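S.K.: Residue-level listing of the chains:
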Amino acid sequence: MDLRDTEAEAAFRRGLREWLGKTLPELPPAPDPADWPGRRAYDTAWQRRLYDAGYAGVHWPVEAGGKGASPAEYLIFLEETERAGAPYVGANFVGLLHAGPTIAAEGTPEQRRRYLPRILSGAEVWCQGFSEPGAGSDLASLRTRAERDGDEYVVSGSKVWTSHAEVADWCELLVRTDPDAPKHRGISWLILAMDAPGVTVRPLRTLTGTTEFAELFLDEVRVPVANRVGAENDGWRVTMVTLSFERGTAFAGEVVACRRSLAELARLAQRNGAWGDPGLRRGIGLLAARFGALWRLVQWNVSEAQGGGVPGPGASVFKLRFSEARQELYDLAAEVLGAGALVLDETGSESWTAQRLQGLSYTIAAGTSQIQRTIVAQRVLGLPKGRGA
Amino acid sequence: MDFRLTEDQRSLRGGLRELLVGRFGPEQLRGAVETGANPGWAALEGAGLFSLRTAESDGGLGLGVAEAVLAFEEVGRSLVPGPLVGTELAAVHAGGTGGVAVLARTSARGPLLVERLPSLQAVLVLDPDAAEVRLADPAEVPARRVRSVDPLTPLWEVTGPLPRGVPLPGVDPALLRAEGMLLTAALQVGLATRAVESAVGYAKQREQFGQPIGAFQAVQHLCADILARTEPARAAVRAAAVGLDAYGPTPDVLAEVAGAKLLADEAAVRGARDCLQVFGGMGFTWEADVHLLLKRAWVHERAFAGAEECAERLAAALVAPVDAEGAAEAAAAL
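These protein sequences, in sequence, are chains A and B. Per the working numbering, the first sequence starts with residue 30, numbered consecutively. Per the working numbering, the second sequence starts with residue 395, numbered consecutively.
What the hints contain is simulated information worked out from the structure, not anything from laboratory work. Any given hint might turn out to be false.
What the hints assert, rightly or not - For lysine to aspartate or glutamate, the following EDC-like pairs were computed, each having C-alpha atoms within a straight-line distance of at most 20 Å:
id, chain 1, residue 1, chain 2, residue 2
1, A, K414, B, E591
2, A, K212, A, D263
3, A, K96, A, D34
4, B, K598, B, D683
5, A, K414, B, E601
This structure is a prediction, so every number in the text was calculated from the model and none was measured.
If we strip away everything but chain A, and leave its shape as in the complex, we get (with noise of 0.2 Å):
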């Protein structure tokens, strides 16, 4: 156990320091959230800013175009970002932290090379067609039908919760290759040009009032079969390989941002008086305690993974407590504004009432709480499945 920088790591930290210092205020302001194009622009910019300083993809391997760098210097990508207040991953986190990292491992090196390099200089957006309307939690039985047509796959069915849609270019879409098989075996990943003829998007209003995500509707799209990844029938195993990275490192920069936000939390209570009161003062605190554990977590899975690659079924137990940790975040915050916790416009989208709707998704999104918990208890734990689970 040693929780200090290698001399190569330092190195890296430094560099790093230096190059966020020099470039963030070169940036433009940021976009309005509700500005689909505009966002889109700021964020792939940025992304080719850190393509031609070398930081784009610092995790990947050098073969699918990254750096190569340890997992411990990828955590310090994150956290020195984070810190510095850089702009977030947006509409480049499909392609960044699922569509990329399974192509790197699961693609052909044809696939590798059209794809790839245009993720990590933000040339082109990804996003997700992995759930549907009857097909969430149990994702294995999603019914999007894919029928081999000679050389192309005709795909029709629909799916939901598709971030960014409205200004992806490609969609690493699940589908029902073999109807007969048993429902984890009969799935292919495919690649999905978003403008392909049959293709509509239509955006989904979510109860924060503003359209993250979008309904998807394929009606007999054509695909080529050139676009799967791994073999036929076998895109379960790839998609669980996509999970893991999500439920590894991706939530370390939150960790970062969180432990600031509750930081600010703190000297709005004081600013208002609600420091006085030693209930909320201690939740407070309380949860300072559980942001720095988890962030220690990120450290200890991330130390695991050093050489391993992909993260093991511990990120559950992350996940699980920081989804949580977060929402705590946020109802805490609603305690110190009182009545002020009503109103939205206060201070744009970065409000904590903003950031308290948004949050209810966190123990929804990328398998909810009650999965995690299933998870760790059959999957670490080593307690039976029960009938019909």
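For this one, chain A is given, so just place chain B on it according to the hints.
M.R.: Here is chain B on its own, set in the frame of chain A:
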């Protein structure tokens, strides 16, 4: 940065676990409850638990708090009765041998309690805000026996002023308190680990409605929650110990120590409660060991600093005026 245990740390932990399984298994635990016998103590003393951190020139191993917390996780898991933390602290800071308890007055409500007073070699007196730590003779502590909630932690209530004792020169009370908090927190992580293992073991074996109760999601989720509280606490305790070894009792490290104690107490107390729930009616019996877990967790929860004090310390650290540059450097270095 590498959070993983070194080869030496793994073998230290593994060796201790093996020793304790052999020398303080279920039978010895029952025996301790019924007769007060504690073969675990001699085993730990013989294995050098109390000399892990003493200097090599004094016959110790010269290891750090990081190694001590790993050892104390195992000790906590075994339920070997104390006073383990005070004895370790006295061995390190006062060259003491034999059982030593810490009398740490806190701002918390209720009486000042001390375990096993008549059989102690010494007591370490740790007053809040005092500039020194004192070593006192247990025979001079005015006290009366009280009925302890934990059958394995007999308690005496201090009824009058504490003896003056002898100051320990060069011992920083803040450091001693931080070490005590961390070692206690490590015991709690060990208890929480045992709670997970017991709950899961019972849930796999006990059948109702024609299947193991562990196949029901309601029971699975209780077990998952015990683990999900334990692992962040374990990470916090180990990281705080590494920080204390590397930087000493700086404000950042002390806040991290408080967080570790707070989360370890929560993991142990709530873990034991959930474990008891998984055991159902059996959990409410004297015969099942679950109540011993919960009662010990309650004892440790009150030691050195309770939840209120830890949370207040963390809150104060959040709003403490800091040199921003220095704090960033320190955080990056940790």
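S.K.: For a C-alpha distance cap of 20 Å, please report whether K598(B) and D683(B) respect it.
M.R.: Distance ~17 Å between K598(B) and D683(B) Cα, so the pair holds.
S.K.: Taking 20 Å as the top limit, are the C-alpha atoms of K212(A) and D263(A) close enough?
M.R.: holds (11 Å)
S.K.: Against the 20 Å threshold, does the CA-CA distance of K414(A) and E591(B) hold or violate the hint?
M.R.: holds (18 Å)
S.K.: When you check the alpha-carbon spacing of K414(A) and E601(B), does it fall within 20 Å?
M.R.: holds (14 Å)
S.K.: For the pair we were handed, K96(A) and D34(A), check the Cα-Cα distance against 20 Å.
M.R.: holds (19 Å)
When each numbered hint is compared with the structure, no violation occurs for any of them.
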